[in-house]
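Student: Next come the chains, spelled out residue by residue.
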Amino acid sequence: MASDIEKLMRRLAAGESSALGELYDLFAGRTNALALRILRNTQEAEDVVQEVFLQAWRQAGRFDARRGSVEAWLLTMARTRAVDRLRRRSSRREAPSETAVAATEPPATEEALAVRKALEGLTPDQRQALELAYYDGLTQSEIATRLGQPLGTIKTRIRTAMGRLREVLR
Amino acid sequence: VTDEEDAPHGLAPLAAAGALDAKERARFDEHARRCKSCRDELRAAEAAVARLADTLAPVPPRPELRGRILAAADRRLRGRVRRTRFVSWLATAAALALAVAFLVARVQRDSTRAELREARQKLTDMDTLRDLLARPDSRTAALAGLAAAPRARARVVWDPASRQAVLLASGLDPAPSGKAYEVWVIAAAAPVPAGTFQPDAAGRAVFRLPALEDTTRVRTFAVTVEPAAGSAAPTGPMVLAGAAS
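Here the protein sequences line up with chains A and B, keeping their order. To convert, take the position in the first sequence, counting from 1, and add 1; that gives the numbering used here. To convert, take the position in the second sequence, counting from 1, and add 375; that gives the numbering used here.
Some clues are possibly wrong.
If you want the footprint, here are the derived chain B segments under chain A, 3+ residues with CB under 8 Å [what the hints assert, rightly or not]: (1) 416-427; (2) 433-440; (3) 515-523.
Lysine to any residue pairs mimicking SDA-like chemistry, simulated, CA-CA at most 20 Å apart [claimed, not checked]: (4) Lys411/B x Tyr136/A; (5) Lys398/B x Leu87/A; (6) Lys398/B x Ser70/A; (7) Lys398/B x Glu143/A; (8) Lys398/B x Ser92/A.
Worth flagging that the hints you see were computed from the coordinates, not collected in a lab. Just so it is clear, CB atoms sit at the ideal spot from N, CA and C, and this is done for glycine as well.
Chain A with its partners taken away, still in its complex shape (with noise of 0.2 Å):
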């Protein structure tokens, strides 16, 4: 599997349309799910998508395999594209023009159910620290100030919940 999606990466970086459109198929789900989640918005969550797979199409001969996996590569520059997005839209005080997002049955594979059982591992607050920065785009100091705690303390959070989802998640 790791070679194929290597030989995947290689005739990407190649110019090869057809690995991108094989790489799309593989991935596109779940990214726009994420962008999804942080956007609540179909229209936006597929700019995003769009917006990452051309990025991938252009920087594929960077991607190496030996830093991380493709899945990580994809899911990091859709978070930082949707939270960007998210950003804008606070500072132009735009209502945020929200789709109704299906609710969906999370899904139950091994990955999921892992997972699940790191974030149960997590105290509420520090799942709670966790989730407002990376879903909702929120900085340490505005999760700080929503949440009327010292900054130290969410950053104790936050650096306690990474470190369980890294034990747990290697």
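Chain A is fixed; fit chain B onto it per the hints.
Tutor: Using the frame of chain A, we list chain B on its own:
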């Protein structure tokens, strides 16, 4: 909070979670360029936090998105040759953004309402421009200075889908008293007026055009000198013109 905790070293988990503000993140990235352990930490933390998406059910995008992305990738492949010129143009855009920032700073000092409004408008225009640049489908046209304004240069960047367009110009003389520069969009038949603008003291302008009417047939953009209120059809000398690339 100790100093040690605040040093960029050790911020990788917070960076991966997205908890740093832009300034903190820039400081961390600068540090990580020289610190391998921070780079490794960041990557491992990013991989762990990306796993949060495993708990989300995949949502397939609408079917037409796949084809749109492949078509855009194909165009990009063919457009590679043109990229270097685009980059130098981006530098111009960055310089303009800086100029706007200076304007804002000056206005905050002088703070008359009209100037504030003007600065806000310019910032909105720069925002629109940045959005347009980020869109993979956006197109550009290079406008060359004609005999009436040989030093002038301009670009129009527009997005066929949203019909938004921004003109970026430099090297323009101040318009004669009572006159303004007017933009024209030439699609099918007669030139359609697309608003008037005045360059700044440095001869530059960032001007957001009204929504384009017929984006599929846009061929040429031009700028002429007209009475300040604008004309319905070009009457004065043409200073800039260029076709869609």
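Student: Would you mind confirming whether the straight-line C-alpha gap from lysine 398/B to glutamate 143/A stays at or under 20 Å?
Tutor: Holds: lysine 398/B and glutamate 143/A sit about 14 Å apart, inside 20 Å.
Student: Between the region 416-427 of chain B and chain A, are there enough contacts, at least three residues with CB-CB distance under 8 Å, for the coverage claim to hold?
Tutor: holds (count 10)
Student: Given the proposed pairing of lysine 411/B with tyrosine 136/A, does the C-alpha separation stay at or below 20 Å?
Tutor: Cα-Cα ~28 Å, so violated.
Student: Closer than 8 Å, Cβ to Cβ, for at least three residues: run that test on the region 515-523 of chain B against chain A and report holds or violated.
Tutor: The restraint on the region 515-523 of chain B is violated, since only 0 of its residues have a Cβ under 8 Å from chain A and three are required.
Student: So if I understand the rule, the pair passes when the alpha-carbon distance is 20 Å or less; does lysine 398/B with serine 92/A pass?
Tutor: Distance ~16 Å between lysine 398/B and serine 92/A Cα, so the pair holds.
Student: Within a Cα-Cα threshold of 20 Å, do lysine 398/B and leucine 87/A meet the stated pairing?
Tutor: 18 Å, holds
Student: Need the status of pair lysine 398/B, serine 70/A: alpha-carbon distance at most 20 Å?
Tutor: 28 Å, violated
Student: How does the region 433-440 of chain B fare against chain A when you require at least three residues with a CB closer than 8 Å, holds or violated?
Tutor: holds (count 6)
Hint compliance for this structure: hints 3, 4 and 6 are broken, all remaining hints hold.
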